[in-house]
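Those letters in the sequence shown? Residues 10 to 376, per the numbering used here, in order.
No lab work stands behind these hints: they were computed from the structure.
Where hints are given, some of them may not hold.
In the PhoX-like style, the derived pairs of lysine-lysine whose C-alpha atoms are separated by at most 25 Å in a straight line are [what the hints assert, rightly or not]: (1) 344 x 145; (2) 306 x 154; (3) 85 x 248; (4) 226 x 190; (5) 23 x 13; (6) 190 x 81.
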Amino acid sequence: MDTKSYEELLTEMKQSAISSGSGLTDFNEGSIIMTIFEAIARPLEQSYIDTRNGYTNNLRAIPYSVFDFQQKQGQKASVNVVFSRSSALDTVSTIPSGTRVSNGSLVFITTQAATIAIGDTDSNSVGATAEEVGLKYNVPADTIKTIESNLSAEITEVNNPYKATGGTDAETQTQMLRRFKYMINGLQGSNRYGIMAGVLGIEGVRSVGIEEHFPPKSDIYNATVYVDDGTGRLTDDLKNKCSDIINGNDTESNPGLRAAGINIDIQAASIIEVQIKGTVYIYRAEQARVENDVQTKLQEYINGLGIHENVVLSSIIVLLRQLSGIVDVSGIQLKANEETGWVSDNIEIGINQIARFSSESITVIPR
Numbered sequence: 010m011d012t013k014s015y016e017e018l019l020t021e022m023k024q025s026a027i028s029s030g031s032g033l034t035d036f037n038e039g040s041i042i043m044t045i046f047e048a049i050a051r052p053l054e055q056s057y058i059d060t061r062n063g064y065t066n067n068l069r070a071i072p073y074s075v076f077d078f079q080q081k082q083g084q085k086a087s088v089n090v091v092f093s094r095s096s097a098l099d100t101v102s103t104i105p106s107g108t109r110v111s112n113g114s115l116v117f118i119t120t121q122a123a124t125i126a127i128g129d130t131d132s133n134s135v136g137a138t139a140e141e142v143g144l145k146y147n148v149p150a151d152t153i154k155t156i157e158s159n160l161s162a163e164i165t166e167v168n169n170p171y172k173a174t175g176g177t178d179a180e181t182q183t184q185m186l187r188r189f190k191y192m193i194n195g196l197q198g199s200n201r202y203g204i205m206a207g208v209l210g211i212e213g214v215r216s217v218g219i220e221e222h223f224p225p226k227s228d229i230y231n232a233t234v235y236v237d238d239g240t241g242r243l244t245d246d247l248k249n250k251c252s253d254i255i256n257g258n259d260t261e262s263n264p265g266l267r268a269a270g271i272n273i274d275i276q277a278a279s280i281i282e283v284q285i286k287g288t289v290y291i292y293r294a295e296q297a298r299v300e301n302d303v304q305t306k307l308q309e310y311i312n313g314l315g316i317h318e319n320v321v322l323s324s325i326i327v328l329l330r331q332l333s334g335i336v337d338v339s340g341i342q343l344k345a346n347e348e349t350g351w352v353s354d355n356i357e358i359g360i361n362q363i364a365r366f367s368s369e370s371i372t373v374i375p376r
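Sequences are here, hints too, so could you generate the full structure?
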């Protein structure tokens, strides 16, 4: 569908008024008739744009809608927190459910009440859920230090002894398209694509790998399905959901995806911890800001990879070059786990593995 710009619409209205013999003659800027034309042209231009976007979005959605295929939403991270008071008291302190805590920017909300017993300074550990969905809410341990809600004066501290887990971003268009292709290729159900599409359709699953075993593993399993929840791990609850999809429950509505006589194991992928080092040069940029941007972007790239997706050196270099303030990049090397050496090459990730960010030592040098 073609669109028309504001200037094109103005010209057409002016030419139409002249050719129709309307008797209008003053088409100078600021005239009454031009002011009216301008007031009409602006919403018309926006209408063209909205209509074009509507066509584009709806046409893209048609193949998905036929199969009732929907984009997967992100998941909220969860974490346990402990509240503290400044000194032991002879009273019980209660921290209500719904208390807001944060790491300074990302907010978590407690899901149950916490209490500090008589003579104690620390509360029992209570669960908290991220305010919004997203991978960024998987914050490290000992980082949730801020109490956002108004509590009793004696409650002075909060902390998360362990890292937050389970937070995932909403499925991207690329990920959705790949999952849709798996579904189409696996409509018969029991082939590789059918199993991958079925497992990827579970909310909370972000990537899947399948390894076939000849002869069977442990003389039992013909294949292993490796599942990632976005953090590189696989919870027992998610594993059970995958098992229900693959093995079924002997009902007509859920016969399972595996073929008769085929046994499938379900496991988490082995995590390959990736370290990155090198040098970037900056010009007229705040060094602390660049250092933070470098770590954030590297972490997003590595942790955004799925099972059996390689860590590509050139992608890291391009990513760093695109950061504001960086004018050059040199000496970028990668290391997979502690037992391997540094390499100036890609890190190949196996069918049963997934890359996850470990650390970076990027030196930032001003020019």
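Against the structure, the hints come out as follows:
no. : hint      : verdict
1   : 344 x 145 : holds (24 Å)
2   : 306 x 154 : holds (24 Å)
3   : 85 x 248  : holds (18 Å)
4   : 226 x 190 : violated (29 Å)
5   : 23 x 13   : holds (15 Å)
6   : 190 x 81  : holds (15 Å)
In summary, the structure is inconsistent with hint 4 from the numbered list given earlier, while agreeing with all the others.
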